[in-house]
Structure formats: structure tokens, C-alpha cells
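Keeping their order, the protein sequence lines are chains A and B.
FYI, my numbering numbers position 664 of the first sequence as 664, with every residue one higher than the one before it.
Remember, my numbering sits 1000 above the position in the second sequence when you count from 1.
Do not take every clue at face value.
[To be verified] Each computed DMTMM-like pair below joins lysine to aspartate or glutamate, with the alpha-carbon atoms no more than 25 Å apart:
#: 1; chain 1: B; residue 1: K1106; chain 2: A; residue 2: E416
#: 2; chain 1: B; residue 1: K1106; chain 2: A; residue 2: D53
#: 3; chain 1: B; residue 1: K1106; chain 2: A; residue 2: D120
#: 4; chain 1: B; residue 1: K1106; chain 2: A; residue 2: E511
No wet-lab data here; the hints were simulated from the structure.
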Amino acid sequence: MTRAALAWQRFRGNRPAMFGLVLLVAVVAFAVFVPLAWPHAPNTSDFSLPSSDVGGPPPPSFAHPLGADPIFRDLVARLAAGAQLSLGLAAVATLLAVTLGTAVGLGAAVTAGTRLALIDRMVLRAIDVALAFPYLLLVTAVGVSLDRAGPLAIAVTLGATGWVGLARLVREKAVSLFDSEHVLAARALGVATRLVVWRHVLPGLRGLLLVTGSQSLGQMVLAEAVLGYLTVGVGPPRSSLGRMLQESEHYLGAQPMLVAAPALVIVLTVLGIARVSDGLGEVLEQRARSSPARLPVDALVLGGLLTAMLGLSEPERLEAPLATSPVTDDTLRLATAATPAALDPALAFDGATLAVDELVHARLVGRNALGELRPELAERFLVEAEGTRVRVVLRRDLRFHDGEPLVAADVKRSIERALHPSTPSPGASYFEALVGFEAYRSGRARELTGIEVVSELEVLFKLARRDASFPALLGLGFASPVCRSASAVAEPSSPATCGAGPYRLVEHDEERIVLERFDAFVGERRGRARRLEWLVGVPVRTQRYRFERGELDLLTEASGIDTQRFVADPRWSSQVTWLEQPVVDGIFLNTRVVPFDDPHVRRAVALAVDASVLPRLRPSLTAATRILPPGIARPTNGPERVTDLAAALEEMRIAGHPFDPESGVGGYPYTIDYITVPSSLDQAVAEVYQQQLARIGLRIHIRLLSFASYLAELSRPGACAMGWRAWQPDFPDPSAVIDPLLTSAALASEPTQNVSFYANPKVDALVAAAREETEPSRRLAHYADAERLLADDAPWVPVYANRSLVVRQRWIASAPAGSDGRLDLTAIGASKSAEARAP
Amino acid sequence: MKPLLAFLLRRLVWSLTLVVGVGSLAFFVTRALPGDPARLIVGPRASAADVERARVLHGLDRPLPIQFVRYWQRLVHHPSSAGEHRSCKPLGPMHLDLGTSHRHQKSVVAVLGARAPRTLELALATTLVQLVVGLGLATLAARRRGSVIDQVATASSLLAVSTPTFVLGVLLQYVLAYRLGWLPLDGGGSDRRALVLPALTLGLYGAAFVVRLAREELGAALESDYASAAAARGASPLRVLFVHGWRNALGAMLPLLLLELGALVGGAVVTEKLFRWPGLGSLTVDAVLYRDAPIVFGVVMVSAAGIAAASFALDVLRVALDPRLRRRAT
Chain A
1 MTRAALAWQR FRGNRPAMFG LVLLVAVVAF AVFVPLAWPH APNTSDFSLP
51 SSDVGGPPPP SFAHPLGADP IFRDLVARLA AGAQLSLGLA AVATLLAVTL
101 GTAVGLGAAV TAGTRLALID RMVLRAIDVA LAFPYLLLVT AVGVSLDRAG
151 PLAIAVTLGA TGWVGLARLV REKAVSLFDS EHVLAARALG VATRLVVWRH
201 VLPGLRGLLL VTGSQSLGQM VLAEAVLGYL TVGVGPPRSS LGRMLQESEH
251 YLGAQPMLVA APALVIVLTV LGIARVSDGL GEVLEQRARS SPARLPVDAL
301 VLGGLLTAML GLSEPERLEA PLATSPVTDD TLRLATAATP AALDPALAFD
351 GATLAVDELV HARLVGRNAL GELRPELAER FLVEAEGTRV RVVLRRDLRF
401 HDGEPLVAAD VKRSIERALH PSTPSPGASY FEALVGFEAY RSGRARELTG
451 IEVVSELEVL FKLARRDASF PALLGLGFAS PVCRSASAVA EPSSPATCGA
501 GPYRLVEHDE ERIVLERFDA FVGERRGRAR RLEWLVGVPV RTQRYRFERG
551 ELDLLTEASG IDTQRFVADP RWSSQVTWLE QPVVDGIFLN TRVVPFDDPH
601 VRRAVALAVD ASVLPRLRPS LTAATRILPP GIARPTNGPE RVTDLAAALE
651 EMRIAGHPFD PESGVGGYPY TIDYITVPSS LDQAVAEVYQ QQLARIGLRI
701 HIRLLSFASY LAELSRPGAC AMGWRAWQPD FPDPSAVIDP LLTSAALASE
751 PTQNVSFYAN PKVDALVAAA REETEPSRRL AHYADAERLL ADDAPWVPVY
801 ANRSLVVRQR WIASAPAGSD GRLDLTAIGA SKSAEARAP
Chain B
1001 MKPLLAFLLR RLVWSLTLVV GVGSLAFFVT RALPGDPARL IVGPRASAAD
1051 VERARVLHGL DRPLPIQFVR YWQRLVHHPS SAGEHRSCKP LGPMHLDLGT
1101 SHRHQKSVVA VLGARAPRTL ELALATTLVQ LVVGLGLATL AARRRGSVID
1151 QVATASSLLA VSTPTFVLGV LLQYVLAYRL GWLPLDGGGS DRRALVLPAL
1201 TLGLYGAAFV VRLAREELGA ALESDYASAA AARGASPLRV LFVHGWRNAL
1251 GAMLPLLLLE LGALVGGAVV TEKLFRWPGL GSLTVDAVLY RDAPIVFGVV
1301 MVSAAGIAAA SFALDVLRVA LDPRLRRRAT
């Protein structure tokens, strides 16, 4: 018998190894043959399928044996395609790793003990350093920099970073082979080193390479899964096993199959590889078998696990609402997944930080629920001299949290602090209109002359030009007074947490933020709850669990599937409210990049995108049809975007890219990059757009970028043709939407928010007229005209708005919305004593 | 004694070189990432002028080699040296300075210092689980080699190794925390029991390797001549197990456990993310995604230091425990 046949016979006798081989063959067969024969495609959504009875993705049915994924694509098809990709990727990576490792290891071994022994030692040291480096970090970093990461790039990354351990093993074995008798003999006879390696050493390494290579294969499959989970692996809409796990993590309780199916394939594959690898090791390295295997133990263990999993796989249902609170105090408990940064009004700019900061640092002016300005710390404000002067009169007896009185000089001091040249302020440039702004910001002037302290309670703002929106700026955090104890320059490491708001900060660490009511607050928005406590950085799933157990009084960040659960469950229906937010999510189209320089193509996109399927993804999504979001003071009748496939195809035809939907011929010939960030919702929505735009002949490639890269790409004029763009106006006014997004004046600022690089002189003229117009209805009319022009020209396509669900416990009477769609936390009572409990 | 000291000194120097090498690698890896950290500090709405100001403020405008040198210079310096000391932490007579995190806007030393104890806790707990479960299963398996218990133990450990960490973690969380409610869901609060789930997740995975290794050693030890001789002389089975079995097995397991511990000091990325464990691992991926190079550098340094310390401790222990090595140490 040949050696190979002998080896095979020994292998066959090893039951666990054979079982592993069977597993492997089964998985490979699944990956290869199912995509060929299966009627459903892995990347096509079918929104006609019914959602599950808790509102989750479609459960298993006759036509779809494993059900469908969160955007309604058949799971079997995706699983097979994913297995194909993951296995293929792992195989390529392993091949690369083995090749590199052998080359380096051999190279080092050849030089060992010779004059070039230094190379060997250096290679060993380098291997030690490389092994000490966190592997995951390296792969993530490489994955992040190659942002057009196709599967091949991922495979090369894994291979190029995974050869190190192998190199060391190869080197050791090769060194011992070099010391063996036949090699020494060959060398003594004068055989060249190259030949020695080829004929004597490499064959000796065969066993090691096969065994370690197969182990490596298993590790590569796992590595791909981890990369996919961290969203730095294969990009959408392709499915890989890791990606499927990441897409389905949220839905674990509603549709466990989504997680179980890819997990099972991964486990079976890696287990099979491990068993085969062990078997190979026994056979090739002449290891004694560790124990004769009589029972198909693997099968039993797996079977046991599967049964247990099936037993636990019924969809999770919500707990019944608690009738009474487990604690009795006057603290309102909330949680957020974000980690608010420094609570300094001069520096805070993200939503999570602002929500807390505005309670600690009261603003000079605020907004009511209709979005109109109303005084807050200021008792009144007056616009004078045709919009070039704004006079603010403070209330009497205002106090800071440290007990000091708040007077006009504090207002000036605080604004100067926010605008100080050394303060890394995110929004200083808003105040450009102030007299002396440039001189102060460049450091030439020691004070901001545009702010004049007229008397103890009166401040006069002098503007260099007319600006009808200046009073709105006084509602921003940058104008919020801070205590005298604050530093002259705002610094993130020591934020000015002492202000004049209805609550004061008592605790802010990695885990929680605690605010306590400031009883000396003068103003309308006094707090009701005595204390507010936020747990920060809590994942949304955990927030729901905590809420069900009564540890939280309000649930403000429910995941998509949990939102549907709460909405659908009659026991909770009296305790849920929707908050409408003035945010619109849409697609920006770069008017300077082909093909979107042609308004017909842009209009085609606006007509092809269908927002009506989006509520199937998340019930919180509603279609947004206008550029100006609801919740701001906008013209009552505006142009509404409609979906009309026939009209879209017609626009494409006019543009010179006719497309025939039946045959799939025609359309725009090149693939267009669509940039977005890796949040699960944005990815899912992008994949839906991809399918919808394919119907009119526009093929897009989804590029996932980290938020950092996304911002960087947006500001480069020629870089991206289209992508996700959400816009939340800084204050509820059309000028905070149209001016920064869609005018040519906006192009001058750097970076520009006008990422469509849109410049239309008619729109510019309308906006300029509105800026000068002091009569509100005429001003609104200008914006109405502008909105119509913009809807027709479609540089930005509004698609959906994401409402947020607020669920409150029985003992919280109401959860009213304040301005800009956020909860008004000052109006919520948290008293949990017996008398205060609501029925 | 002198060759021994020389050996240890050489190993110590090597450990330090390792840390420096890894740190430098980390520096270049993060600086090579595309994206602008200054932009991230001030946020998306700030003007270019604001970005420039932030860039200068954080020293990001200087050329790469200068930043590199500056980093190492500032790492450990005397309190009286020039420059601001905002991000320094006193370390005996000197200052330790790892820079300021762009994202968290605090000194890196402060951010790491807050999280390092939790990571250490997790690392130690994980090692305990690995030891207990690994040794326990291995003992069961080794005593009756070839039996059903042995096969189930081996199969289970193989299964544990084949499962991605987060799948195991999600499964454990779902069963033990959510359905059965025995353990808290994540590691945020002050509940000490929150350590159990992440430690179990990581530990079971590592225990599988321990089982494979220990089973061989134990099996060989228990079947060896001297064990039989001891039993023949009247030693109780327990004593045979302890003295002859475990001592040998521990000797083989020690390198594995120690190096694992060293690696865990750098934090376990996926597990920490899953269980919201406030350790160093969950910092890392976010730091890469946000180009927060100082944090990445800091975490890598801690991780490298952990591994280097573990290697060095291993060298010391090996020499201390094995008289043959002491004589041979050259």
C-alpha cells in the first residue's frame, strides 16, 4: 500500500475524525449546491411576507424553511451564500498564512547556526513582538483603512496577520530537520542548500503544515466571524457568517433562528475542522491515539445542545407592566446607550450630552412646544435697530448653583469663554455676526466688544449686519451662563458643570450621571422630580430588561424590535407615546459628480425610492415627504415627494439612460458608491435603497465607513456621489435647514454642510430675501418658494423620519414632549410614594 | 549565581524592548489610519478654523517622527520639565503621561486607570475559571481514559473552542441572566455577581485548551511508574492525584495560564462589548474607529506590558522551580 493509502486507512479508523470530515463535507456541500438550486435569491427582499406576531422578521414557513432576515430576505439563501463566502475567505487566508509562515520560518531556519544567524534571532524577536501585539486591533485597523474592503481584501488581511505563530513552529521544526542525519549527510556531500530544503526539509514539514494549516483554517473562520460582528468585515449586501450574526443580534429574542443558524454553521465547520485536524495529526505525526472513541460523542453533545436551544427558542414576550415601583423615592431613573462627554455648555454638541446639559445650564432663551422662542433666563428680549441690535433683560434674583447671583456681566463672561480662541468650541462660528468677533477670536482683542453690559440685568448684543436668526442663537449652549468658578478657557478635562439650570450636577462618572433639583431656580421650567439619574453606556437590550424589572422609570431608547413589541402588546398600550423629532433622514446627491449633475437622474432617484416599506423594518420609521421636517415652523402646504416608478423610468430615459426592468438591460452603466455608517438601521435602509434603485437601472455599492471617515469623505467635493444624510436643525426654523444645507453661501464655510454642493441662484436669492424680511408670513412665503424649487431639483431626497418611542411605568403619570421632540424631563414627576402613584 | 542574574537581566531587557517595539508599532498603525482626529475632537459642525485650532492645541500638526519622539519623551518625565502637565499622573518621583484622549477628552492615564482594575478583575476571574474547570474536567477525563466521561469532556471542550466567543456569551446571557435570572445581565453596576458571565464566557473558551493539555499530562502522570509505585506503597488515590498528577500537570499548564493572563490584561474586546464590562477591551475598537490614537497607544502599551511581565515571571519561575535550568542558565 502506498503511504497515502495507509494514512487514509488509519484516518478512517478514527471515529471522531471521520465525523468531523462528514460535518465538513456537509457544510461545503450546503455552501456549494444550495445556491445553485434554491429558488430564492440571497439579496432580494420580499416585503409581502408577514411579520411574526411580535412584529419581528418573518418566521419559518413552507416557502421559507428558516424564515427571513430583518429586511425580508430568505434566510436559507443567505446562509448558503454566507457559508460560501466565509469558507472561501478562510481558505484563501489560510493559504496565504501558511505560505508566508513557511517562507519566513524556513528563511530563519536556514540562517540559524550559520554566519547569518543574526537574521534568525531577529526574526524570532520580531515574531515575539508581533505576537504581543493585540491581533484583533491590528486586523481592525487594517480593515478600517481598507475601506473598500471586498472579501479578497479581508482574506489577505487575515492571512497577512495570521502567519506569525506558524512561522515560529515551522522554524523550530525546520531547525530540527536540518540537524537530522540525512540532511547533515547531504550537506557534507556538498549538496546546495536550496536542494536540501526542497528535497529533505519541505517534505518533513508536510505533516506539520497540514495539521497546523487545518487548525489555522478553523481559526480563520472564527476570525472572519469576529470581524463581521465588529462590522469591519465583509460589507453589505453580501452575506457572510459573521455579518449575519451582526445583523441579527438585536432580534435574538424575537427570532432566535436568525442567530442560531449562522452560529450553528460556524460551530459545525470549526468543530469538523478541529476533528479532522486532530485526526491528521495522529496519522501524519505518528502520535498515539489519545483514546479509542467508541461513541459518536460529538453527535450526542451537539444533539443535546440543539434540543436545549430549540426548547428555548420561543420568541421572547414582554413582561407584564409592574403595578408598583420596587423603590420608593423621588428619583427619576433613565438610561442611555450613549456616553455623554463633558457637561460644559461651551463644548457639548451631541444629542446625548445636550439632553443632560440643558437641565444643568439653563439657556437665555428656550422654545415652546410649537418651536417658538420664549424667554428662559432672560425675562424678555427685543430686536432693535432693524435687526442689528438685540437687547436681553435678565430676570431678577437669578442664582447659580453655587449660590452666587447671576447678572449681565456673567452672560458676557460666559459667551467670551465659549468663544475664546483657545477653547475647542464646536460652534463658535455661529456668532460671527457679532461686532468684534474676528478680533476676539484671533486673539487681537481681549474682550468681545459686540457684547455690552448695559446695566446689572441688561445685555446689549451689537451685530455687524442684520441677522434675523440671532435671537435663536441665544438659545444655544454657547450662550449659557456658567459660574464664576469656571475657567476662563473651556477645557474638556475640567468642564464647567456649575450653571443656573433647574438641576445641578452631583455625580458624573463612567456609569451614571446624577442631577439634583436646584430649588433656588427662577423660571418657568422648574423640575418636578427631586433627582434625575441616568445610567450611561447601557446597551438598548439591557435597558429594556432593566425597565421591565422596574429599575428604570422610563424607557427612551428601545431597539426596533422592542418598539414593535411594546406597540403591539395591549397591556402596555396605555403607557407608550411617540416623540416626533424634527430630524429627516435622506439621501444626498452630489450635484458635481456624474451622474447626479443631471437633475433628471436626481429626480429619478427621488421618484424611485419607496419609503412605505420602511415601517416593516422598524415601526418607528415614518415616511418623510418634505425637506423641511415637521415640528418646525414651516409653511403649511409644501411639495410632497411621491413614489412613481414609471415616472422615474421616464426621467432616466430623458437623461439618456433608458432601463428595461424586464430584461435588466440599460440604465446607468457604472456602479455608484453610496456611503453610510455601520449602524444596523442605516445599513438595512441602504440595502433597501440598493434594491429599489436597481429597479430603475442605478446600481449602487454600499460603502460602510466609520463616522470619522464618513465625515471626512463628505467634505471632499469630488469624493462621494451619494450617501446617507440626516439633518437635525439646530433650532426649529427653516433657516436652520435650507441655509446650511442647500445654499451657495454654505459652500464657503469649511467644512461645508452643503454636501450636495448645490448652488442655485434662485434659491440663494429667496434665502437672502428671507433673511432680511422681518414680517413672519412673508418670510415663510420665501421659504415655501425655495422648498418647491428644491423638491423639483432634488439635491437631497428626504426619505424617512425616525420617531422615538417612550414607554413609562404605571407610576409615571405622563411623559410630555418639550421643544424639538425631546422629553421635557422637568415636567415629569417621579414621586413613588403611595399617594402619588397613578392608577 | 552570576550567570543566573545575567540571564534574568537579559530577559528583563528583552521584556522592555518588547514593550517599546509593540508601542512603536501601535503608534504607526494608528497614525496611518485615514481620517482626521482634530475634526473628531470638535465635532461635525465646527468650522475649518476651529479644527485647525484643535489640531495645534493637541500637537497633531507636527510631522510624524517628531510626534513619535515627543510621545516617548513625555511618557515618563520629571515633573519639572517643560510643557503642560494636564495629562500627567504622578508615579513616584516622576510623571507618567500617555497624552489626552480625543474622544473622551480626558487624560489617557485617567481613562485607563479607571478601567484597568476592572480588566484585571476579569482577567483573574477568567484564569480562575480556566484553572478550575480545565483542571476539573481534565482530572475526570484522565482518571478514566477512554471512558464516556473522557469522551464527553473532550468533545465539550472541542465544542467550546469551536464556538465564537460572542455566541457563547450571548447564549449564556440569554439562559442564565434573562430566562433564569440567576445572574445580572451586564457589568455596569456595583453588583459583584456581574463578573460571573463574562468570566465564564472567556474562561470556558480558555478552559478547553487547558483541558486538552492537562488531560495528556495528567493521564501520562497517573499511568506512570512512580504513581503506581506510590499507590502500591499505600498512598491514597487522592494523594496520588495531588502529588503526582496535579503537580506535573500544573507545571505544564503554568506557561499557558500565565501567558493567557498576560494577554487578558489588555482586555477582551468582544466579551467586554457584549457584557458592557468597563474594561480596556471595549475601549479599543471604538478607539480605532474614532482614530483616538492616544487611547490605542495606551491600551497596547498596557497589553504589551502585561504580556512582557507574564513572560518574565514565567522565566523567573521556571528557573526557580527547575534546578537543572539554574545550572544551565547562560
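Task: Violating hint indices (sorted, rising) - done: 2, 3
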